[in-house]
Amino acid sequence: MPDLLDKRLAFVTGKGGVGKSTCAIALGLAAAAEGKRTIVCEVASQENASRVFKKGQVGFNEVEVAENLWAISIDPDESLREYLLLQLKVRAMRDLLVRSRVFNYLAAATPGLKELVTIGKIWELAQTDRKVKKGRTYDLVIVDAPATGHGVGFLQTPRTFAAIARMGPMHSQATALDRFITDHELTGVAIIAIPEEMPVNESASLEEQLTKEVGIAVDRVYMNAMYPERFSSDEASKLERVLELTEGPSHAAVRAALSQFRRSRTQREQLKRLTKEVSPPVKTLPFIFQPRLDVSALRRLAEAM
Amino acid sequence: MPSVAEILEDRRVCICAGSGGVGKTTTSAALAAGLAARGGKVAVLTIDPAKRLADSLGLRELENEPRQVDPKLFAKAGIEMRGELWAMMLDAKATFDELVRKHAPDAETRDRILENRIYRQISNALAGSQEYMAMEKLFEIHQSGEFDFLVLDTPPSRNALDFLDAPKRLTQFIEGRGMQMFMKPTGFATKVVGRGSSMVFGVLKRITGLDLLSDLSEFFTAMSGMVDGFRERAKRVNELLGDPATAFLIVCGPQGEPIEEAVYFHRKLVEAKLPVGGVIVNKVHYETEEDLAEGQVTDELEEMLGGDLAERVASNFADYQALAQRDARNVEHLAGELKAERVIRVPYLDEDVHDIGGLLQIDRYLFATAAEREAMATGQAA
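Heads up: the protein sequence lines correspond to chains S and D, in order.
Going by my numbering, the first sequence opens with residue 8, and the numbers climb by one from there.
Going by my numbering, the second sequence opens with residue 4, and the numbers climb by one from there.
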C-alpha cells in the first residue's frame with residue numbers, strides 16, 4: 008500500500024477542536040514541499056486556508072496559495088450546478104432544472120445530497136483527466152473533512168446513495184465514488200487527535216469505523232499539540248518542595264512549571280493509550296506556543312509530519 | 004462577575020451551546036452535579052460523553068431515558084448530595100422513531116415511514132435531526148414535570164448556529180411548499196409513478212434514475228402525513244427555548260476562533276430573542292503578573308533550584324504568560340462585545356476531567372464568586 012502522500016486523495020479527520028483544519032493545511036505544505044502539486048479542500052466554508060495565507064476569500068475556485076499548493080472551499084450548491092452541467096451537457100437544460108421549484112425543493116430536502124455532491128467534487132479534483140474546463144491536474148487532493156460523528160456518515164454517503172438508487176446513472180456514479188474512496192491504493196485517511204481523554208477515545212473508534220464499516224484505509228494518526236517534556240520527576244519533586252517558599256512571580260512560575268509537568272505526564276499517558284488502540288504508528292506534533300498560527304508555524308508542523 | 008448560581012437563579016432549564024471541542028459536555032455535567040448537590044432534582048441530557056465520564060456517572064448507551072446517578076458516588080468523593088442527579092445519553096435515531104410513532108396519523112403511515120429505505124438509511128444524517136431531537140427530548144422531559152432543573156448539552160457541531168436553526172430547517176422540510184406537490188393527486192408523486200411527462204421530471208429522471216425518485220417520493224409522501232403534529236410540536240419546543248425560565252449558556256475556549264464564534268453566537272441568540280445567561284470560557288491560562296522584569300524569575304529561583312532548572316522554569320513561565328496574555332485579550336474582547344452579559348472563566352486544569360471528583364473541581368470555579376475564582380486560579384487560596 009502506498010504512503011498517504013503518494014495516494015491521490017487524503018482525508019484529514021478527527022474530533023472537533025483538535026486542529027484538524029490546521030493539520031490539513033500543514034499536510035498540504037508537506038506534500039507540496041516534496042514537489043507534489045497539491046490542493047487542500049475545505050468543505051464547510053471555513054476559509055482557514057485563505058486566512059492563513061492571507062489570500063482573501065478562496066471560495067469555489069482553485070486558488071494558488073503557496074508553491075505547489077492550491078486551496079478551494081467546496082460549496083455544495085456550486086458543486087451540484089457543476090455536476091448537472093457535466094451530466095446534461097446543455098447549459099439551457101441545466102438552467103431549466105436549477106430554476107424549477109420541484110428541483111430546488113428536492114435538492115434542498117433530499118437527505119445526504121449535499122454530502123454526495125461535495126464528495127463528487129472532491130473526486131472530480133482527484134481525476135487525472137478532469138472534465139471541468141481548464142481543470143488542472145493535481146498529484147494529491149487533501150480534504151479537511153467534517154469532524155467525527157459527521158465524518159463517518161460523510162464518507163459513507165456514496166454507498167448509501169448507491170444502495171438507495173439501486174440502478175441508473177446516480178447508482179453508477181455513487182458506486183464509482185465509493186470504489187475510489189475505498190481503494191487503498193488511491194485514497195487514505197489521516198486521523199488527528201489531541202492528548203486528552205475524549206479525543207483519544209474518539210480516534211480509536213473512528214479508526215475502527217473507517218476501516219471496518221467504510222472500508223477506507225487509515226494511513227496515519229497524528230497526536231497534535233503535544234507539550235515538550237520540560238521537567239523530570241525529580242525536578243518536579245524539587246519544585247514542589249520550593250513552591251511554598253516562593254512568592255509573587257516566582258511562585259507563579261513554579262506553579263506553571265508544575266502544571267506543565269503534570270499536563271505533559273497526562274499527555275504521555277494518553278499518547279500511550281492511543282498508540283495501543285490504533286494500528287498505524289502514531290506521530291506526534293508539537294504544541295505551538297504562539298497566540299496566532301501563521302505560515303511559519305504551519306511549516307514547522309509540516310516538517311514534523 | 005457573578006457565579007453560575009446567580010445566573011441560574013429562578014431558571015428551570017439551561018442549554019449549554021457552543022462549537023465542538025470546548026468542553027461542553029464536561030461543563031454541562033459539572034453544572035448539573037453542582038446544582039443537584041445544592042438540593043433539587045436535576046437531570047442532564049448529554050449526547051456523547053467521554054467513556055470514563057459516562058462510566059463514572061453510570062450512564063449507559065441507547066437507553067434514551069434519564070437514570071439516577073448513584074448518590075454513593077458523591078459520598079465517596081466527599082460531597083454532600085442534598086438533591087438528586089439524573090443523567091441520560093441521547094439517542095437521536097430512537098428519539099426520531101418515537102416522534103414518528105407519536106405523530107403518524109395511523110399505523111400504516113407509521114410503518115411506511117419507519118420502514119422507508121431513505122428514512123432508515125439517513126434519518127440520522129438528515130439536516131439538523133440530531134440537534135432537533137435533543138430539543139425534542141428536552142421538551143418531553145420538561146413536560147413530564149419530574150425534574151426541578153434540566154441541563155441540555157447540545158450536539159457537537161462545527162457551528163453552534165446549527166443548533167438554533169435545526170427546528171426551523173426540520174419544519175421547513177416537513178411542511179415545505181414542495182411537500183404539497185407530493186400530496187396532491189396530480190402532484191409529483193403521481194408523475195413519478197405515472198407517465199411523468201413534464202420536462203423537469205424527464206431531466207431529473209435522466210440524472211437520478213427512476214428508483215431513487217420513487218423512493219424519495221414515497222418518503223416525502225409518508226412524512227407529509229405528520230405535518231400538523233410536527234408543526235405544533237416544533238412551536239412548543241420553540242416556546243420552551245424562549246421561556247424566561249430558560250437560560251442559554253455559551254461554552255467556548257479562550258483561543259481566537261472559539262471566542263469569535265461565541266461572540267457571533269451570542270449575537271444570534273439576542274437577535275432570536277432567546278434568553279442568554281452568560282458565557283463560560285474553559286481552559287483559560289490565567290495571567291498572573293503583568294510587569295515582569297527580564298531575568299527576575301531566574302534570579303529569584305537560582306539559589307533554590309540551581310541555574311539550569313531556574314532558567315527552564317523561567318522560560319516555561321514566559322510561554323505560559325504569552326498564552327495567558329492571549330487568553331486575557333480574547334476574554335476582554337468577548338466581555339466588551341457582550342456588554343452587560345456575564346463571562347465566567349474556568350482555568351486550564353492540570354488533569355483531564357473524567358470523574359465526579361473532577362466535575363466538582365470545575366464546580367468550585369463555576370459556583371464561586373469572581374473574587375474567590377480569581378484567588379483559586381492564581382493559587383493564593385487554593
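Among the hints, erroneous ones may be present.
As the list claims (entries may be wrong) - In the BS3-like style, the derived pairs of lysine-lysine whose C-alpha atoms are separated by at most 27 Å in a straight line are:
{"#": "1", "chain 1": "D", "residue 1": "K286", "chain 2": "D", "residue 2": "K238"}
{"#": "2", "chain 1": "D", "residue 1": "K208", "chain 2": "S", "residue 2": "K140"}
{"#": "3", "chain 1": "S", "residue 1": "K138", "chain 2": "D", "residue 2": "K208"}
{"#": "4", "chain 1": "S", "residue 1": "K219", "chain 2": "S", "residue 2": "K290"}
{"#": "5", "chain 1": "S", "residue 1": "K290", "chain 2": "D", "residue 2": "K286"}
Simulated from the structure, these hints should not be mistaken for laboratory data.
Okay, the hints, checked on the actual structure:
1. Taking the CA atoms of K286 (chain D) and K238 (chain D), the gap is near 37 Å; set against the 27 Å cutoff, the hint is violated.
2. A threshold of 27 Å between alpha carbons decides the hint, and for K208 (chain D) with K140 (chain S) the separation of about 26 Å falls inside it, so the pair holds.
3. Distance restraint check for K138 (chain S) and K208 (chain D): the Cα-Cα separation of roughly 22 Å lies within the 27 Å cut-off, and the hinted pair is therefore satisfied.
4. Distance restraint check for K219 (chain S) and K290 (chain S): the Cα-Cα separation of roughly 22 Å lies within the 27 Å cut-off, and the hinted pair is therefore satisfied.
5. For the hint pairing K290 (chain S) with K286 (chain D), the CA-to-CA distance comes to about 25 Å; that is within 27 Å, so the pair holds.
The structure fails to meet hint 1 from the earlier list, while all remaining hints are met.
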